[in-house]
Amino acid sequence: MNIIRDVIKPIGKGLKITMRHFLEPKDTVSYPEQRKEQFARTRWRHVLLRYEDGLERCIGCSLCAGACPVRCIYVEAAENTDEERYSPGERYAKRYEINLLRCIYCGYCQDACPTGAIVLREDYELADYTRESFIATKEMLLEPLPVRDEVAEAVK
Amino acid sequence: MDKRVQEIVLRDSSTPAIPNLEMGGNVLLTRLDEIVNWARRNSIFPLTFGLACCAIEMMSSAASRFDLARFGMEVFRASPRQADLMIVAGRVSKKMAPVLRQIYDQMPAPKWVVSMGACASCGGIFNNYAIVQGVDQIVPVDVYVPGCPPSPDALIYALIKLQQKIRTQRLGMLLELKPRTDTPAIGGAETKTISTPNSSLPSVRAHET
Ligand code: SF4
Ligand code: SF4
Ligand code: SF4
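Sequence order for the protein chains is A and B.
Reading the first sequence from the start, the letters are residues 1 to 156 in this note's numbering.
Reading the second sequence from the start, the letters are residues 1 to 209 in this note's numbering.
So that you can see chain B by itself, here it is in the shape it has in the complex (with noise of 0.2 Å):
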């Protein structure tokens, strides 16, 4: 991979993928494991976080057509409290970033984000000062969905991604699930120091020359 597509800001998301699940080590801890995975990927709780367009393509696939009840994830959830997946459905403005970000704070770990649309994923056809270029600028991204907006379809092939991925998840990582600390958190004393969220990583514009 040549260096302009390395130069693209990465920030990886908090749970990392072991590509496969190899049984051995402690016997006992796997099986939890595989329990604990079970029940959290078949229950997930989406938060309601529509910004724009996409939020209707996410409505959409919970309603009968495509109905995410299917992967247990009907739920949609207003408090952050009870949730533990945030869809990012639309374009994030500079102005709504501190709220993201606090709301992404607010829930329970273990926590996931699928970032919906190309708008939220890198700020898509919105390359301008009002837009956060890419949600994974401020929260750790698991899943990136593109497309404008992305069909339900596509939403839910992502949404499988993601639970192929809490599958292969371990319970040691759990100590993994800590608020990063390179992030500056929001809200009390600080709030007015990030005012713009991570203004000094590159912005991610390899492919605008």
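For reference, chain A alone in the conformation it holds in the complex (with noise of 0.2 Å):
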């Protein structure tokens, strides 16, 4: 057996790769401090927009929730009526609430919207520690109201 040929070598050989990855470059993404960036068209919870001047997008008409694989929204609509108007249309989302823990983010929902009320977002710290607390109701999912900037108004 030759000892040069046979062991120092083929360990020389071997560390070199070794040494070539150790200098290389971290793969790692330290996420709690530091975040993945996420690709565009990312799926994960989902918000309910609004219009500029505020009005809600969403007028309730259920096709969200036909689409829905696993039927996991429920939509409950009720008349607009003068006094009290949450979207242009007829017809506003009494009540409307995903079940987070069911849905599996395919995003048929926001396909499925003729106004583009509901569309998926990049936030996936969804993780808790009970069950109800993933029924997301339309006030969790609503987006807030835009704050005018009456400096920046006034300045114009």
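The hints are simulated quantities; they were obtained by calculation from the structure and are not laboratory data.
In this text, a Cβ means the ideal position worked out from N, Cα and C, and glycines have one as well.
One or more hints might be untrue.
What the hints assert, rightly or not - Pairs of lysine to any residue residues, derived as SDA-like cross-links and limited to a Cα-Cα distance of at most 20 Å, are as follows:
| hint | chain 1 | residue 1 | chain 2 | residue 2 |
| --- | --- | --- | --- | --- |
| 1 | A | K36 | B | N37 |
| 2 | B | K161 | B | N37 |
| 3 | A | K36 | B | Y157 |
| 4 | A | K36 | B | I56 |
Said to hold, decoys possible - According to the in silico footprint, chain A covers these stretches of chain B (three or more CB under 8 Å from chain A):
| hint | region |
| --- | --- |
| 5 | 39–52 |
| 6 | 63–70 |
Two independent chains are provided; combine them into the complex using the hints.
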């Protein structure tokens, strides 16, 4: 047995690979401190959008609930009146709930919506301790009212 | 919260979370709690329990890009005797349910369960006769992770939440970690009586209507 050829050289060859990978930049994303960039069309937690004037886009048509393959959306519609107007159309969603645990984040609801009210966004930090905390109600899903920047308007 | 939401079957975990860990009372025991919890939450050995597609994401969260080793969780154990966390990754069929429960019973206390994915947490898209509608019907679940499949970051977020929960544990709670008595034991003489686990419980169908 040739010590140099059979032992030392293979070990050196192996260590060379190890050292090469050791010196390469690291792949790891240190998640809680540093986030992986999400893809542009990532589908995670839903958001109910509003128009620029603050009215809700959702008209309570339940098409999203019909398109959902797991039936995890519940929509209850009610009529808009002139005193109580939530959306531009005739009706609005009085109750809108999504069971985020049952949802498979397929985005079919987003495709089915005629007004583009429901969209899936990038918030993936959804884990929780109890099962009932996954029922997202309309208040939780609606995006906040647009805040008018009065200072900027006055300057303009 | 309205009634329809409350009707969901809730199986709380065996580790109740205490909201804030106050100092006071027995200082010595509180300190000991902190040391024990620190050791426990930073050396969790998960059990390899991949049942379906979610397992791929579980594996990739242990790989170098996401690297569970940063949390001391990289040692996936194939034996329940050496594991303290069961990540149920994937759909649990009714045939698998007794096996899952038996493996859970074989794990030494303290033990935790993370239900990963829509299927394990509530049945997901498989609302049918063959799939258990939520693994919380057979074992107490500590953290639920929604998603189909949850991305490795979402799983790591859940594991961080689990670490936070372990942090709030008290040693006195170990008494509560006994096997639950209201869940039928699997194995031995009673095996035949539990072919459908918890069939008496109402099924989780809050959003089916
Ligand atoms: S993303 Fe898919 S599963 Fe989730 S609510 Fe929309 S249609 Fe239903
Ligand atoms: S979100 Fe869209 S599809 Fe669903 S009820 Fe509202 S308007 Fe209709
Ligand atoms: S939740 Fe989705 S990815 Fe996970 S096991 Fe079920 S079907 Fe597969």
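Taking the hints in turn, this is what the structure says about them:
Between the alpha carbons of K36 (chain A) and N37 (chain B) the distance comes to roughly 29 Å, so the proposed pair goes past 20 Å and is violated. Distance hint between K161 (chain B) and N37 (chain B) is fulfilled; the C-alpha atoms sit about 14 Å from each other, no more than 20 Å. For the proposed pair K36 (chain A) and Y157 (chain B), the alpha carbon gap of about 13 Å is at most 20 Å, so the pair holds. Distance hint between K36 (chain A) and I56 (chain B) is fulfilled; the C-alpha atoms sit about 18 Å from each other, no more than 20 Å.
Coverage of the region 39–52 of chain B by chain A is violated [criterion: at least 3 residues with CB-CB distance below 8 Å; count 0]. Coverage of the region 63–70 of chain B by chain A holds [criterion: at least 3 residues with CB-CB distance below 8 Å; count 5].
Violated hints for the displayed structure, listed by number in ascending order: 1, 5.
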